Amino acid sequence: MAELGNIRRVYIVTGTNELTYTWLSGEQTNSFNRTAEAIETSDKSTQWAQFLSGKKGATAEVTVYTDDSNAQQKAALAGLHNGSTVKVFIGTLSTGQSPAPSAGDLFDAVVTAISDTNDNGAVASRSISLTATGAVTHTPVIS
Amino acid sequence: MSILSRIFQRWPRHQVSGYRTIYNALVAQLTRQGVTIGGTAKYPRVEIHSIREQERLDKDGALRQINVTVESISNRSLGEATTMNEDNLRLLTENELELTGWTCLGILPVQLQDMTESSDTNKIIYRLLQEVTIYLEKTKTDTQPETPAQEQENN
Numbered sequence: 001m002a003e004l005g006n007i008r009r010v011y012i013v014t015g016t017n018e019l020t021y022t023w024l025s026g027e028q029t030n031s032f033n034r035t036a037e038a039i040e041t042s043d044k045s046t047q048w049a050q051f052l053s054g055k056k057g058a059t060a061e062v063t064v065y066t067d068d069s070n071a072q073q074k075a076a077l078a079g080l081h082n083g084s085t086v087k088v089f090i091g092t093l094s095t096g097q098s099p100a101p102s103a104g105d106l107f108d109a110v111v112t113a114i115s116d117t118n119d120n121g122a123v124a125s126r127s128i129s130l131t132a133t134g135a136v137t138h139t140p141v142i143s
Numbered sequence: 001m002s003i004l005s006r007i008f009q010r011w012p013r014h015q016v017s018g019y020r021t022i023y024n025a026l027v028a029q030l031t032r033q034g035v036t037i038g039g040t041a042k043y044p045r046v047e048i049h050s051i052r053e054q055e056r057l058d059k060d061g062a063l064r065q066i067n068v069t070v071e072s073i074s075n076r077s078l079g080e081a082t083t084m085n086e087d088n089l090r091l092l093t094e095n096e097l098e099l100t101g102w103t104c105l106g107i108l109p110v111q112l113q114d115m116t117e118s119s120d121t122n123k124i125i126y127r128l129l130q131e132v133t134i135y136l137e138k139t140k141t142d143t144q145p146e147t148p149a150q151e152q153e154n155n
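For the record, the sequence lines run as chains A and B.
Note that the numbering used here gives residue 4 to position 4 of the first sequence, counting from 1, and the numbers run on in steps of one.
Note that the numbering used here gives residue 19 to position 19 of the second sequence, counting from 1, and the numbers run on in steps of one.
It should be emphasised that the hints constitute simulated quantities derived from the structure, not laboratory data.
Be careful, since some hints might not be right.
Unchecked claim - Chain A is faced by these chain B residues, among others (derived, beta-carbon under 8 angstroms):
1. D58
2. D60
3. A62
4. I66
Stated by the list, open to error - The following residues of chain A were derived to be distant from chain B, with all beta-carbon distances above 12 angstroms:
5. A2
6. G5
7. T29
8. A78
9. G121
10. T131
11. S143
Unchecked claim - Not the full set, but computed from the structure, chain A residues with beta-carbon under 10 angstroms of chain B:
12. R9
13. E27
14. Q28
15. F32
16. N33
17. Y65
18. S69
19. N120
20. A122
21. V123
From a predicted model like this one, the values you see are computed outputs, not experimental measurements.
The beta-carbon is built from N, C-alpha and C at its ideal position, and this holds for glycine as well.
When you get a sec, could you build the whole thing from the sequences and use the hints?
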């Protein structure tokens, strides 16, 4: 069934054994881009290029309204300044006492850019770029 | 607590302009001596001409944008209407708009329209319509962040 983009949100994940998902508050939009390298294997015997699927990767972009007092935005800023990774989930969570991913992608990421936009006559916003490091875990599990 | 009370208590979470919240706050802010605020046919007069709540700015509805048109009406001169309009802008921007559950981030003048007209008795009514944009944020509390279940319930 189709879903509105409103419910697929970006969460900063903390904890080791028991994960806590905290919404990146003030979120306007997010995008998640999966990629796989194409390794060419074609030779002179074929007219059409042939490829093998190579290394996979993912990047994400999220735009939020700037709030320097927000812990999750601070974590993203710290990730960029300190070069540390942040654990991120993009998608929807279950609605129980202990929310867990019901659909979406969980990954560790390095923060590659944070761009602030301060326009006249608009709420200040912040765009955060993430690049996944290591495997991306998709829910529901891909067989 | 009655069902109606519970509905009204929750209303501001869904729509700031509902339940006269914004209207009352604006009237309180614009009230001063010598100018009538509201519906009586007296001059000089200031009216809240319209309130248009825009699409929520973030996914949780914590940030809202509301366009309000404030009308300054004089039966004496355009100058009086202009002065009233300038006073309105000063009163709106000088002090923080007080809305329960919401923090005003700012009020920006957008557009000014002159709607001066002749009435049936050929008396000229000087009307200025000033549109302003009000940015509001849900007042933050020190409580724990909402769970997704609570968020869904509230939205």
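Here's how the hints hold up against the structure:
1. Interface restraint check: D58 (chain B) against chain A, minimum CB-CB distance 5 angstroms, threshold 8 angstroms, status holds.
2. Annotation: D60 (chain B) was flagged as interfacial toward chain A, and the flag holds, the nearest CB pair being 7 angstroms apart, inside 8 angstroms.
3. Interface restraint check: A62 (chain B) against chain A, minimum CB-CB distance 7 angstroms, threshold 8 angstroms, status holds.
4. Restraint check, I66 (chain B) versus chain A: the minimum CB separation of about 13 angstroms is more than 8 angstroms; hint violated.
5. The claim that A2 (chain A) is not at the interface with chain B holds, since no C-beta of that chain comes within 12 angstroms of its own (minimum 17 angstroms).
6. Distance check for G5 (chain A) against chain B: the nearest CB is about 8 angstroms away, which does not clear 12 angstroms, and the non-interface claim fails.
7. Interface exclusion of T29 (chain A) from chain B breaks down, the closest Cβ pair being 9 angstroms apart, not more than 12 angstroms.
8. Here A78 (chain A) stays apart from chain B, with its beta-carbon at least about 19 angstroms from theirs, past the 12 angstroms limit.
9. Not every CB of chain B lies more than 12 angstroms from the CB of G121 (chain A), the least distance being 5 angstroms, so the non-interface label is violated.
10. Consistency note on T131 (chain A): stated as away from chain B, and its beta-carbon is indeed over 12 angstroms from all of that chain's, at 23 angstroms minimum.
11. At roughly 26 angstroms from the closest C-beta of chain B, the C-beta of S143 (chain A) stays outside 12 angstroms, upholding its exclusion from the interface.
12. About 6 angstroms separates the beta-carbon of R9 (chain A) from the nearest beta-carbon of chain B, less than 10 angstroms, and the hint is met.
13. Because the smallest distance between the Cβ of E27 (chain A) and any Cβ of chain B comes to about 5 angstroms, under 10 angstroms, the interface hint for this residue holds.
14. Interface hint status for Q28 (chain A): upheld, as the beta-carbon distance to the closest one in chain B is roughly 6 angstroms, under 10 angstroms.
15. Annotation: F32 (chain A) was flagged as interfacial toward chain B, and the flag is violated, the nearest CB pair being 15 angstroms apart, outside 10 angstroms.
16. Hint status for N33 (chain A): violated, given a least beta-carbon distance of 19 angstroms to chain B, over 10 angstroms.
17. Against a cut-off of 10 angstroms between C-beta atoms, the interface hint on Y65 (chain A) holds, since the closest Cβ of chain B lies about 6 angstroms away.
18. For S69 (chain A), the suggested interface contact is upheld, since its CB lies about 8 angstroms from the closest CB of chain B, less than 10 angstroms.
19. Hint on N120 (chain A) holds. Least Cβ distance to chain B is approximately 9 angstroms, under the 10 angstroms limit.
20. Interface hint status for A122 (chain A): upheld, as the beta-carbon distance to the closest one in chain B is roughly 9 angstroms, under 10 angstroms.
21. Checking V123 (chain A) against chain B by beta carbon gives a least distance of about 6 angstroms; that is within 10 angstroms, so the hint holds.
In summary, the numbered hints that this structure violates are 4, 6, 7, 9, 15 and 16.
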